[in-house]
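Here are the chains, one letter per residue:
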Amino acid sequence: MSNTPADRKYAKSHEWVFEAGDGVVAVGISDYAQDSLGDITYVQLPNVGDALAVGEVFGVVESVKAASDLYAPVSGEVVAVNDALDSTPENVNQDPYGEGWIMKLKLADAADLDGLLDADGYTAENS
Amino acid sequence: MSELQRTPLHAFHVAHAGRMVDFAGWDMPVQYKSIIEEHKAVRTTAGLFDVSHMGEVDVSGPGALAFLNRLVTNDVSKLYPGRVLYSPMCQPDGGAVDDLLVYHRGEEDYLVVINASNIAKDLAWMRQQAEGFDVTITDRSDDYALIAVQGPRAETILQSLTGAKLGILRYYHFLEGTVAGVQCVISRTGYTGEDGFELYHAAADAPALAEALMTAGEPHGLQLAGLGARDSLRLEAGYPLYGHELEHDLSPIAAGLGWTVKFKKEGGFTGDEALAAEKSDPSRRRVVFFRTGDRRIVRAGADVLNAAGEVIGRVLSGTLSPLLGEAIGSALVPATAADQELSVDIRGTKFTLHLVKPPFVELKKSS
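Same order as they appear, the protein sequences are chains A and B. All the letters of the first sequence, read from the start, carry residue numbers 1 to 127 under the UniProt record's numbering. All the letters of the second sequence, read from the start, carry residue numbers 1 to 367 under the UniProt record's numbering.
Any given hint might turn out to be false.
Here are some chain B residues pointing at chain A (derived, C-beta under 7 Å) [stated by the list, open to error]:
hint, residue
1, I36
2, L320
3, L324
If you are wondering where the hints come from, they were derived from the structure by calculation, not from laboratory data. Here a beta-carbon is modelled for each residue, glycine too, at the ideal position from N, C-alpha and C.
Could you put together the complete structure from these sequences and hints?
What follows is the structure, given as structure tokens:
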């Protein structure tokens with residue numbers, strides 16, 4: 001059974017969004033997504049300063065099985081990326097909501113958050 | 001889509017949370033917890049694999065040796081009872097029908113082990129090739145289950161369950177004995193590059209044998225390992241997989257398996273003329289193994305480019321070596337290109353292929 005914490009929102013494309021305050025959100029992939037992908041071997045991160053639109057491809061998660069695109073769940077500017085994933089991509093498997101975070105975005109439009117699912121909605125999508 | 005076939009250990013896999021996938025028409029565990037962890041367990045302690053989907057064929061009769069020696073490229077006449085031989089078998093044009101193991105059990109009595117994906121094709125081919133030989137070919141694939149225990153602790157684990165003297169059993173040799181009370185052909189072979197054993201036994205005994213091995217192996221770090229780890233282990237060891245490095249249009253000469261092709265053996269063999277011609281052809285293709293120095297996996301089917309950016313070959317297998325932390329793989333290129341700069345493009349970034357003579361990691365096979 002996948003872990004889907006209620007303190008964040010989810011995109012149908014399996015990214016989570018956590019409001020860190022000051023209009024900045026952290027983004028990663030869900031426990032369900034990391035479990036479906038299997039052993040994650042590489043995460044291609046965006047660049048700090050990239051401006052992303054909703055649904056835009058911002059990176060790639062590779063597992064032994066396949067390479068999967070990552071889609072921006074909200075629009076905004078990349079203000080931080082999790083460089084530690086370059087050497088320890090398995091953090092996405094082991095701690096998808098913590099050490100496995102992928103990037104932080106300065107929200108361009110807080111209304112984008114309304115287009116995301118809550119934990120129950122996301123769980124219902126994937127059951 | 002027809003129903004997937006199941007090995008006698010199917011319920012065992014499900015009970016141990018195996019992630020089941022369709023492999024060549026079989027419902028098999030690709031992993032239990034993690035491909036990378038299972039891979040590392042085999043290199044450091046031990047792993048248990050269900051390979052019951054492999055095919056087993058009895059070949060017996062006065063013409064068995066002559067038939068087999070004509071059928072395969074390696075020299076079966078060098079075998080003696082208790083000895084195992086690896087060999088490709090080829091079409092007249094030199095392309096591979098399959099690669100297989102031959103077990104010499106006794107006078108006029110051999111067991112041939114073939115790939116699961118090729119069972120029907122191989123049986124038809126063998127029966128067709130048997131014309132004129134006094135030989136009986138019997139498909140025993142459903143009768144046998146096959147469990148592999150691989151890794152540096154494999155001998156210790158297995159020895160705790162058998163009176164057979166494993167210490168004197170050499171690599172590519174086998175003996176018959178009981179393991180946890182189950183009658184087995186105990187073969188010191190495997191597909192991981194580690195020391196280890198393959199246990200052929202009656203299908204009905206498989207669940208009890210698997211449980212006994214897991215119980216005995218637990219204190220030694222034995223882990224269940226799926227097909228995902230089996231593939232990354234064999235690639236790290238540089239072993240060919242039929243359908244990748246060896247194919248109906250890809251000969252053992254191209255695959256770098258020239259050591260298994262015995263042109264001088266008595267009576268010749270199917271494909272010998274084509275393989276000899278290929279061997280002396282400077283424009284032939286060749287399978288090479290590479291590492292990239294980067295973690296991004298180079299996937300099977302990717303184009304291989306020369307210095308001018310032209311497509312001159314393709315990737316046959318690719319994975320991340322869990323031990324090196326680096327992408328490794330194999331590719332098919334013109335033999336003349338093997339000493340030139342080769343590269344692949346992954347999502348717009350060029351990676352140079354550094355050619356390696358496998359194995360990619362130091363292996364500790366028994367000798």
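Tested hints:
Hint status for I36 of chain B relative to chain A: holds, with the closest Cβ pair at about 5 Å, below 7 Å. Here the hint on L320 of chain B is kept, as its CB sits about 4 Å from the closest CB of chain A, short of 7 Å. A cut of 7 Å between beta carbons decides the hint on L324 of chain B: the least distance to chain A is about 12 Å, and the hint is violated.
The structure does not agree with numbered hint 3 stated previously, though it agrees with all others.
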